[in-house]
Amino acid sequence: MKFATHWRSFVMALSGAALLAACSNKTESKDSEAPAASAPVQLLNVSYDPTRELYEAINPKFAASWKAETGQDVKINMSHGGSGKQARAVIDGLDADVATLALGYDTDEIAQRSKALTPGWQARLPHNSAPYTSTIVFLVRKGNPKGIKDWGDLVKPGIAVITPNPKTSGGARWNFLAAWAYAKQGGGSDAAAQDFVKKLFANVPVLDSGARGSTTTFVERGIGDVLLAWENEAFLAQKELGEGKFEVVVPSISVLAEPQVAVLDGNATRHGTEKVAEAYLKYLYTPEAQEIIAQNYYRPIDPAVQAKHASEFPRINLVTIDGAFGGWQAAQKRFFADGGVFDAIYSRAKK
Amino acid sequence: MSARLPNHSLAVRRLLILGALVFIGFFLVLPLVAVFAEALSKGFATYGAALVEPDAISAIKLTLLVAAISVPLNVVFGLCAAWAIAKFDFRGKSVLVTLIDLPFSISPVVAGLVYVLLFGAQGWAGPWLIDHGVRIIFAVPSIVLATVLVTFPFVARELIPLMQEQGRNDEEAALALGASGFRTFLRVTLPNIRWGLLYGVLLCNARAMGEFGAVSVVSGHLRGLTNTMPLHVEILYNEYNFVAAFAVASLLALLALVTLVLKTSLEWKFGYSHRSAR
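Keeping their order, the protein sequence lines are chains E and B. Using the working numbering, the first residue of the first sequence is number 3, and each one after it goes up by one. Using the working numbering, the first residue of the second sequence is number 2, and each one after it goes up by one.
Looking at chain B on its own, in the form it has when it is part of the complex (with noise of 0.2 Å):
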């Protein structure tokens, strides 16, 4: 912005200024606010108390464990599709990609349901399943799946267009120079896209253990058992225990400023350069 803008714009500045941070107050500060008054507001010992309950272990442990499976299977999907549709020319990429768009356009209820209509006893796969006893839906297999489901794009979308805007030329060169492949891949590829693909999966990660509506549909809510967080936060709405639902709510967003802490950080710690953001 090398142009100066009128004199009298300096208002207009202050006034839209100012109501961008009104705006912000009210709609990200204020909950966040919230949610720690209310988990606070009979004391540190209760807050604790809630978070070190048996059934909130659980549920946080569930939680972490859906993460840990569901964020490096996409991290290694979001790859290969990225590469695949970024580096090379095949019939039907249109469609690949497309379909890569689905899990952000449908609801995540039908992307429950669908596992339901699959896994379920009325399904069809659930009755053979289950005669073998093979538990999915109302399991941890099917919150797995549906966060696998729900979290899909989240990987390849960052990579994608960040892998079409720097081109082919290094890795052409990295081959004409006789690097294998995978060695390519490896050194000259991946450092490239190194940061697209850390907030790719810091993005993935916070969804993977914020998602409700998929989760809900195949969990069966089972205490102990089949509660992630994001259920257990219900769970306690819903049996009047306020504080222990903020405090667990808490820890979600605990969770979320720690992602994006981490990721400032390590922005500035390697000299993040703009370009290369998405």
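Extracted from the complex, chain E is given alone in its bound form (with noise of 0.2 Å):
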């Protein structure tokens, strides 16, 4: 009969701790229903993966300004991950305010395929959505060792390139882009640059689902001879992961690259958030957040925070999506959707 006391004791312990569970459990859901009019207001910003930094440099000086302009306080969630992954689960129902995503083609699938995004959402803030712009450059190990200078050499034998999956990933849509607009210049045939791509992946020994993941095991497992990032996660990892350890390559053409926002306005309807969502993008656009965009390395487009941010940022020749692809929705039908270019290339990349 000793067990019998130990036994309830034991039995009785659970059911105590279950109890606990199902109270903590309901203040938990009271804290999240409450949308009073002045009662601080949550913001969640899907976003891509390298812009960790940045938003968190950003979201608390949008909370001030937001809270001396109307008195509420504003916190701000963020969720990072491949650009692609991200907007798949907003898709699914991840109920996010804003995205902030790698490319306009991630963000137009959300308008497609749910109604969390309304369609024609690219007119409705400046610069054609796009706050900031980047580029991809290369990412090399100290002093070069293996001389990379430009695109093309990145398909020699023996050179061991690092870029995540295109099919995830929106860095690497950009990136894939900048190697066949290299292989496209001076008017070389769609054959001639199939075959470029083709051996450039032959010589991608991993492919990670987002950009950090590549830069982490760029950096910091030590494999492959070649980096293919954004540039800010190039610059980042320069100066934050050990300096003196990496040197940045800017090959001689590349693309530019426009990560465009939106308020999910479908979403934020729901929720109430529309007027504090879209003050929130708006913000990215003034001076203050464009300065702190250019110290995180992001490229501004209001053009005083760009003339004295000009001498860090290498002048590149850049090309558009739009200019030579004709636009996300046509790139990524041939390039990335099922059966386009990367996967004929990739199949036979690895045989």
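Treat the hints as calculated values from the structure; they're not laboratory data. There could be a bad hint or two in this list.
Stretch by stretch, here's where chain B covers chain E in the computed footprint (C-beta under 8 Å, at least three residues) [claimed, not checked]:
id, segment
1, 74–82
2, 90–102
3, 211–218
In this text, all values refer to a predicted model and were calculated from it rather than measured experimentally. Cβ atoms here follow ideal geometry from the backbone N, Cα and C, with glycine treated the same way.
Hey, can you piece these two chains together into the complex? The hints should help.
Below, the structure written as structure tokens:
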């Protein structure tokens, strides 16, 4: 009978734990439902991988400016991941108020496939809804031991190239298109360009799902000779992860990446957060935010801030997605959709 | 082992023991040491700061909450299922046993995707739920659901063989002496399986706290809201915040070690007989 008493206390402890859990669950749900007008408001910003530091810097500044303007507290929650994966999550119901993804195509997918965003969103904010731009550069190891100067060097035998997977990562799609633009310059044929990217991807030992994963592979795990990276990610890796260990190499040609932002009006209307969400994205265009943007190695679009930081951003011949590829819908369909160019070259590159 | 092994086997035995020790050292001890070494590489102050930071606290709370819901649920289910399977005969029993094993054999990613398909905005029940303001996917409920699914078999799987081995004689005797069904369960069955149950609970708890795959699919990765400890470790790692990542990881490792110590000390204290181990 000794065990019976042990047992009783054990069962009691268990039910106590269950009760506790039920209670804390209740209080939590109470917290989340309370959307009074002057009560603090929460925004969810779904973004791509390398913007972690950028929005970490911008969010408190916006919260302060919103507080000064309206007296309301705003808390901005962040979700980061590969751009395509993030868009998929919003389509599946991730209840975000704003999307700040790596490329317009992913944002457009949300508009096409769900009620979270209404079409025509690109025209709702200045500069085609892109408050900052970036480009694709190379990050190599100190002293550039493999002598990598331009895209042509990436397809040489024995060069290990690190890039994320274009199927899931926005940055990787920009990488792919920049390589394609290099092969096509000076009137190269499509067949030659396809052969070039095929050789390039045959040199890729690891395809991570997002840009941040690739950076970690290159920087922390020490795999590969060259990382194809967002300019901001390359500068960040160079500055934050051991100065003097890496060098940025600027290729002769690259692509103008315009990460576009949008208020997910379908969700925001339901939350009653349209106003603050719109103000949040508009804030990105203010000189104050543009300065933070430049400090985080994104290219600002404000002319004054641009001029101030001109020396930090190398001049590169940049092709645009609309000019060279006929826009994202066309590029996505041709290169990255199932059965597209990437599938063709990647399955053959591995053989 | 009463029969003495031949003399020359001494060297062989030593070699085998050495091999086993080296193996354990490399695959169990070294990673554990590495986690704590990295976590403490910038001193105790940085280590502590990483654990009391608001996002870390909320991740720890969420992990404890998820475990506190899913473990009792699985205890109740596991007890019921094992009791039914071991003590009674009914049609479809083998189907039930197979179904209980299902979460062991499917990948956690599938376990997570199932809930996206069911409760996602494009899923079966998702649109209706969203229209009525019920959030399941990318919120705490889906994390609990995914964890319950993944940890489903732990308690039941511990108990079924144990209860089958013990047979029905004790219960039949109790019933014959006039005890009610519930009293029989409480006074006869439960004491017989206590160690198996405890072991199942500990395993179930360890998995519930450590689960990554299924939870990663349904969480949405919202810092401070739907981030469990394993997901928080990944986020910190991706932010190049290695010390903080390993600090939280060391906490998870510590939980595992505490679980083991708890189990061992209970066994020792109550003179746990090896027979009912399982």
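### Message
Are any of the numbered hints broken by this structure? If so, which, sorted upward?
### Response
none
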